[in-house]
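Visitor: Generate the whole structure from the sequences, applying the supplied hints.
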Amino acid sequence: MKVAIASGKGGTGKTTLSTNLASYLSETTAVVLTDLDVEEPNSGLFIRGELRHSQVRNKMVPGWQADRCSLCGNCEEVCNFNAILKMGDRILVLPELCHGCYACSELCPTAALPMLPKPMGELRQFKAGKLDLVEGRLNLSEEQAVPLIKQTIDFVDAEFPVETIRIFDAPPGTSCPVIEAIKDADLVLLITEPTPFGLHDLKLAVLTVRQLGKPFAVVLNRYGIGDDKVQAYCAAEDISLIACIPNSRAIAEAYAAGELLYRGVPEVKAAVESIASFIQKQCRAEQP
Amino acid sequence: MKLVFTTKGTEWDSPMDPRFGRTEFFFVYDEESKEVQTYDNRTVAGEAHGAGPKAAQKLGEFGAEVLITGNGPGGNAGMVMQATGTSVFVGASDMTVKEAYEAYCNGSLRQPQRA
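As they're listed, the protein sequences go chains A and B. Residue numbering for the first sequence follows my numbering, starting at 1 and increasing by one per position. Residue numbering for the second sequence follows my numbering, starting at 1 and increasing by one per position.
Wrong hints could be hidden among the right ones.
What the hints assert, rightly or not - Sample of chain A residues lacking proximity to chain B, with all beta carbon distances greater than 10 angstroms (derived):
hint: 1; residue: GLU40
hint: 2; residue: LEU45
hint: 3; residue: LEU51
hint: 4; residue: LEU107
hint: 5; residue: VAL146
hint: 6; residue: ALA285
Claimed, not checked - With a cut-off of at most 27 angstroms between alpha-carbon atoms, the simulated DSS-like pairs for lysine-lysine come out as follows:
hint: 7; chain 1: B; residue 1: LYS8; chain 2: B; residue 2: LYS54
hint: 8; chain 1: A; residue 1: LYS118; chain 2: A; residue 2: LYS86
hint: 9; chain 1: A; residue 1: LYS86; chain 2: B; residue 2: LYS2
hint: 10; chain 1: A; residue 1: LYS86; chain 2: A; residue 2: LYS127
hint: 11; chain 1: A; residue 1: LYS86; chain 2: B; residue 2: LYS54
hint: 12; chain 1: B; residue 1: LYS98; chain 2: B; residue 2: LYS2
hint: 13; chain 1: A; residue 1: LYS150; chain 2: A; residue 2: LYS127
hint: 14; chain 1: B; residue 1: LYS58; chain 2: A; residue 2: LYS86
hint: 15; chain 1: B; residue 1: LYS54; chain 2: B; residue 2: LYS2
hint: 16; chain 1: A; residue 1: LYS281; chain 2: A; residue 2: LYS269
hint: 17; chain 1: A; residue 1: LYS118; chain 2: B; residue 2: LYS2
hint: 18; chain 1: B; residue 1: LYS98; chain 2: B; residue 2: LYS54
No lab work stands behind these hints, which were simulated from the structure alone. Even glycine gets a Cβ: it sits at the ideal position worked out from N, Cα and C.
Guide: Laid out in structure tokens, this is it:
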């Protein structure tokens, strides 16, 4: 079972929900929390585990071999991302723009563009009690999050048995990194806040998961501020609103101290319990 | 010397475009022949990625030695301009092309720091 926590709007509680839900579930079942927000992974701030494993991850980018190049310009022609340019008598590769698609390399008539590894980030595995945490962490100034997100998911797939529940802490927004983080999920939980901005981005996130054909449900965070338009929208669209996490000072204080909330705040525990039982129901519905 | 301005129009009185890669026009001025040529760059809206380096490559094709713009190019375009040897002058956002040229001539535009 793969559960992705996504949001549309940033700062609505993806990491709060991911860390609390994963930790709660790990009390009774095998769970790996996977931080796929590789541009700013922060699940580790709340799950302070012991580092078990870390490795540098590379993306593959073309490396120009001047002596083999006939300067035909085909590489520039086939690149969709303007990541390779012919400048007079040389070829300039812009590694940050490269999506690692291999087109220039494979289609080079003189094999002058072999793909070479370039470090893009790090993958780290932690253990905190019964909970496993795997995070991808992109290097500063790297523009492409997708390759590292993919490699992080592949690592979890290879390292953990299929019965282990995977909780994916996704990046914000609705662009490529989010798609990569949720496209293999069995269930997507969209967390938002009851504000006009929260609702606006929730609608975009709903359009995204619907287009991907994913089962999904909504969690409302900071309940009590703003208005009731998120509830009205969910009711009108027949979307399951499965839990509300209240806006409270106690939660803000525990969060600021880097604590897991469900252990000290009864309303959060109740919300996490109802989300866990929703996931278990989905799990059972999935099995033949 | 050939200078390129990023502009929102094709006249000396047109306002500068502060953007580099996604500028509407390139206004190319040849100081020797006093000739002006302009290039419409608005098709760049269709490019999702790499507008900057693409524009920098175009500058190379113009044979421009100097770029005069508003905010200045980003890192990828900067790499290309290092390769073409184009000098960059920024800070001409709220000017017309003519004012930007005067500012360049009297030395009041600055060159961005290169990392």
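Visitor: Can you confirm whether the C-alpha distance between LYS86/A and LYS127/A stays at or below 27 angstroms?
Guide: violated (48 angstroms)
Visitor: Does LYS127/A lie within 27 angstroms of LYS150/A when you go C-alpha to C-alpha?
Guide: holds (21 angstroms)
Visitor: Has the given pair, LYS281/A with LYS269/A, been kept, meaning a C-alpha gap of at most 27 angstroms?
Guide: Holds - the C-alpha atoms of LYS269/A and LYS281/A are around 18 angstroms apart, at most 27 angstroms.
Visitor: Need the status of pair LYS98/B, LYS54/B: alpha-carbon distance at most 27 angstroms?
Guide: holds (26 angstroms)
Visitor: Are the Cα atoms of LYS98/B and LYS2/B separated by 27 angstroms or less?
Guide: holds (15 angstroms)
Visitor: Is LYS8/B close enough to LYS54/B, meaning Cα to Cα at most 27 angstroms?
Guide: Given that 27 angstroms is the threshold and the Cα spacing comes to 18 angstroms, the pair holds.
Visitor: Taking only the CA atoms, is the gap from LYS54/B to LYS2/B under or equal to 27 angstroms?
Guide: holds (19 angstroms)
Visitor: Taking the closest pair, is the beta carbon of ALA285/A still more than 10 angstroms from chain B?
Guide: holds (39 angstroms)
Visitor: Run the distance test for LYS86/A versus LYS2/B: straight-line Cα separation, threshold 27 angstroms.
Guide: holds (21 angstroms)
Visitor: Would the least Cβ to Cβ distance between LEU51/A and chain B come out above 10 angstroms?
Guide: For LEU51/A, whose nearest Cβ neighbour in chain B is about 31 angstroms away, the distance exceeds 10 angstroms, so it holds.
Visitor: Grab the minimum beta-carbon distance between GLU40/A and chain B and tell me whether it stays above 10 angstroms.
Guide: Given a closest Cβ separation of 20 angstroms, the condition holds.
Visitor: Compare the distance between the alpha carbons of LYS118/A and LYS86/A with 27 angstroms, and conclude whether the hinted pair is satisfied.
Guide: holds (21 angstroms)
Going down the numbered hints, you'll see the structure goes against 10 and 17, while the others check out.
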